[in-house]
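S.K.: The chain contents come next:
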Amino acid sequence: MNSMEMNFIDTCKSKYKASKQLFEKKDAALFFTHFGELSSEIISDYTIKTEEYLIEIGAAKRTVKSIFNILIEGLQNIVNHGENSPKGGQLGYFNIGELKNHFILSFSNLINTSNLETIEKAIKRLNDADESGLKAIYLDTLSNGQISAKGGAGLGIITMAMKSKNNIIHQATPINNELSLLTIEVRIDKN
Amino acid sequence: MENLNIEETKSTPEVIGDAVNGTLKIKGNCFPENSLSFFDTVNNWIDSVPSDLPSFSLDCELNYIASSSVMHFFKIMQKIEDLFPVENIEIKWKYEIDDEDIQKLGEEFSKLTKSKVELIPLEV
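Order-wise, the sequence lines are chains A and B. Counting from 1, position 181 in the first sequence corresponds to residue 181 in my numbering; the numbering is continuous, with no gaps. Remember, my numbering sits 1000 above the position in the second sequence when you count from 1.
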């Protein structure tokens, strides 16, 4: 591995380490976390483990369903849209945990920095919409959307916004001349 | 003209298609890694069903469904409507009585399809 690849991965690891600090606060807990490549087996395992854990800690069924749905969308989004690192292979991470009043899911993956503006505009449109506005965007996308070569239809991020009922928080960090690490954080109220 | 039989996994539903009676039942979780490949099998089977069947019934009972699969379900409903007269189509959308997500999805489909979507709550 050359020094440029080392720096790249070190930067991503450093962002991953920083992302977990949120869960070191009082009344916070990190349930599950993962750094590196994802596969359908890892997605199935983590979604089922998360569901079991949330039921065990007494989360409401409605909350469990919302978190499970957001988790699937977030993880499939990383697999379907995450760019490869210069070393090859996808590089991303996710955290699932709680703060005092919220459950939190954060997802990070590499994207081409040139696509960032489009993604940011899409997130802003969702954050600016109220519940009925989100539903209208969802129905419009469902009835007019096309299935992409990767099997998606642009409904994933809308679904996350609808299930969360909170704004989607995002942050992008340039990693090299082409790629940025995009983090999306979704919160679900406990009550 | 063959029947369709796909076994359930953690992330994909059981799919049973009966080409003689014109029924397609889909039950379980639906978040396949490759939704295109999974639904291609189902779509190809629907294409093979004789269009002169007296009726066609789609019976869905889903637990978790990924957004990528939602679009495929809508396309399946549209495909059935292209192949059979609307009055001969029966769509049953079953959901656990306290599962608002799946219930709402059925309600959304009923707004977007020409055929009637019968929403059926199931006792947990």
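Because the hints were derived from the structure by calculation, they are not lab data. Hints may contain errors.
Said to hold, decoys possible - If you want the footprint, here are the derived chain B segments under chain A, 3+ residues with CB under 8 angstroms:
(1) 1012-1023
(2) 1071-1084
(3) 1103-1112
From the three backbone atoms N, C-alpha and C, an ideal C-beta is built for every residue, glycine too.
S.K.: What hints, given by number in increasing order, does this structure fail?
M.R.: 1
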